[in-house]
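Residue-level listing of the chains:
Number of protein chains: 2
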Amino acid sequence: MFSVDRLRALSAVAAYGSIARAARALHVTPSGVSQQLAKLERESGHRLLEPDGRSVRLTHAGRVLTEHADRVLGQLAAAETDLADLHEEILGPLRLGGVGSALRTLLPGALADLTRDHPRLAPAVRDGEAVDMLPLLLAGDLDLLVIESWSNRPMALPAGVAFEALVRERVHVALAAEHPLAERESVDLAELADEPWAGCAPGTEPREALVQAVRARGGEPRLRYTVAEYTTQLALVEAGLTAALVPAMAQRPAPPGVRFVDCAPGLEREVLAAWRGNSRSPVIRAALTALRRRVPPV
Amino acid sequence: MFSVDRLRALSAVAAYGSIARAARALHVTPSGVSQQLAKLERESGHRLLEPDGRSVRLTHAGRVLTEHADRVLGQLAAAETDLADLHEEILGPLRLGGVGSALRTLLPGALADLTRDHPRLAPAVRDGEAVDMLPLLLAGDLDLLVIESWSNRPMALPAGVAFEALVRERVHVALAAEHPLAERESVDLAELADEPWAGCAPGTEPREALVQAVRARGGEPRLRYTVAEYTTQLALVEAGLTAALVPAMAQRPAPPGVRFVDCAPGLEREVLAAWRGNSRSPVIRAALTALRRRVPPV
DNA sequence: GATGTCCCGGTAGCATCGCTACCGTGTTCA
DNA sequence: TGAACACGGTAGCGATGCTACCGGGACATC
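Heads up: the protein sequence lines correspond to chains G and Z, in order.
According to my numbering, the first sequence is numbered sequentially starting from 114.
According to my numbering, the second sequence is numbered sequentially starting from 114.
To be clear, the hints were calculated from the coordinates, so they are not data collected in a lab.
Quick caveat: nothing in here was measured; it's all calculated off a predicted structure.
Just so you know, not all the hints are guaranteed correct.
For chains that are exact copies, the list does not tell them apart, and a pair is met inside one copy or across any two.
What the hints assert, rightly or not - Pairs of lysine to any residue, SDA-like flavour, derived with a Cα cap of 25 Å:
| # | residue 1 | residue 2 |
| --- | --- | --- |
| 1 | 152 | 195 |
| 2 | 152 | 118 |
| 3 | 152 | 188 |
| 4 | 152 | 268 |
| 5 | 152 | 202 |
| 6 | 152 | 203 |
Let the hints inform the model, and build the full structure from the sequences given.
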């Protein structure tokens, strides 16, 4: 693989038109440049320069290599400016992981703010479940997670993971307006033991929280509808087909034929941002700020 | 500017996840890699690695620099493959210069053939006049010229320039069908001394050849129409407005109301390819082959 | 046509740089 | 609690690149 110093010598000769002028520009002797180019020719297996009067001229191979050399040098210069700017500016990769509902509600706006305020920041997002993404966070493959934690099933965060609650909100039972319990102040989940339920995908926090909440009141939920989007769940509720457990943030827009009823025991959901405790870098801080700004007023 | 060896060490640590594994991959001792990274940290002014158990993990700055490092290394690898392939394959820049009429007639098809047969060839074209482009050719700023030479004004090529005639063709006087001389076998340019003429732009070979040819027969041409495209000149001729001198290649499509008459003294035009005599490289040879294939049958 | 100037290319010698070998420290696992 | 592993530092050796110097060829001037 070619040495950068040699490529720089070649690039300088191409730019200045002679070994002597290139040597002056590089603050070395012409002999040094000449030696570098001779080695470059041996390495590449091509003549790179040919005599032209008492000066030299690039051969075709020389031009091919010069183009690559200039790109390499440009990339190195870009690396230098990036690292120099990194002292003041927020830039570089930001690898986010998010669970479905947080992805849909918080992330798009926050990312829009972030890339507007920090154009050289390059966010990447992957979705998944907290149990899968926490190891990735710890391994350094993700920088920041946005996950959720239900009060009847608090998310266990491993040591070394710091977190901040972005939202803490009540969870209500969504019932069709004509449901016999729809006008009650509060319902016990035990009263809904025979109800069909709509829930998110198996393995997700909202789904497991729903199952555990009903079981805790002695029932076994019949999960007839598995639907990721709360909006769709509410449409099923409005049609009188099912009940659903819906956090406050996801209750808008509320279809007219749906009522939200407190449940006993009381349930809450938190949306958490989590990061490695020892890496509260400027990038993480900027992302947290953007997320907080996008938390909807409850 | 960062050393490539150090960037390679960083990239390997990022790829293999620890200094020890990176050192095995690079066939050096862990101490060597560790030293390189320490220097890289001093140069960049950032921590690039942070302890993670008994291994290390990239910091944000480390990730930023790793992205640049991978691009630099990729570019270097691309340079190596290009130079290696250059022994068998036609690739790299091909800087062509052409005068107007040659550009329009020969170059487009030839370039299409070239880039089809040699996808990694990167042709660039500039147009201009031979007098301007020949110094560029000699200086090494152009690789191949396509120019023209009229028999009454042969192009003087400087020493060191090799050439090949791609086309050698008769030049005829184009007259409107109803012109009194239109049905003659041949006309002397002296007979057309009072005719208005259409010619190419001042300074171009066809224009100067026309002026010199008429002057050689004792006339002074009145150049009323200055038009680069022969097709347009022929339209003016057909309209009965002017006469024109048109080489055979440019006589098609011939408008029905135009006649082509031999002129005395006989005129010919050559289209020449010219290159530096000491650089008959595979690229030049491939370009010449493509040009020859695109010469229209006369 | 002779001379001076400029530029490229080669060689000897010196300084710098990176590598290995080795040791100490901290972390993880049995 | 001890063994294994991994990172970080230091001393010494080998490789690399540089300078200084010389020779040969091309161009300009007289």
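Each hint, compared with the structure:
For a Cα distance limit of 25 Å, the shortest separation of residue 152 from residue 195 across copies, 18 Å, qualifies, whereas the shortest one inside one copy, 31 Å, does not. In this homomeric assembly, residue 152 and residue 118 come within 25 Å of each other (Cα to Cα) both inside a single copy, at 11 Å, and across copies, at 18 Å. Within a single copy, residue 152 and residue 188 get their C-alpha atoms as close as 23 Å, and across copies as close as 20 Å, so both meet the 25 Å cut-off. Proximity of residue 152 and residue 268 under a CA criterion of 25 Å is satisfied in neither setting, with 61 Å inside one chain copy and 42 Å between copies.
Taking identical chains as interchangeable, the C-alpha atoms of residue 152 and residue 202 lie at most 25 Å apart only when they sit on different chains, with a minimum of 23 Å there against 40 Å within one chain. Taking the shortest alpha-carbon separations for residue 152 and residue 203, only the inter-copy value of 24 Å comes in at or below 25 Å, while the best intra-copy value is 41 Å.
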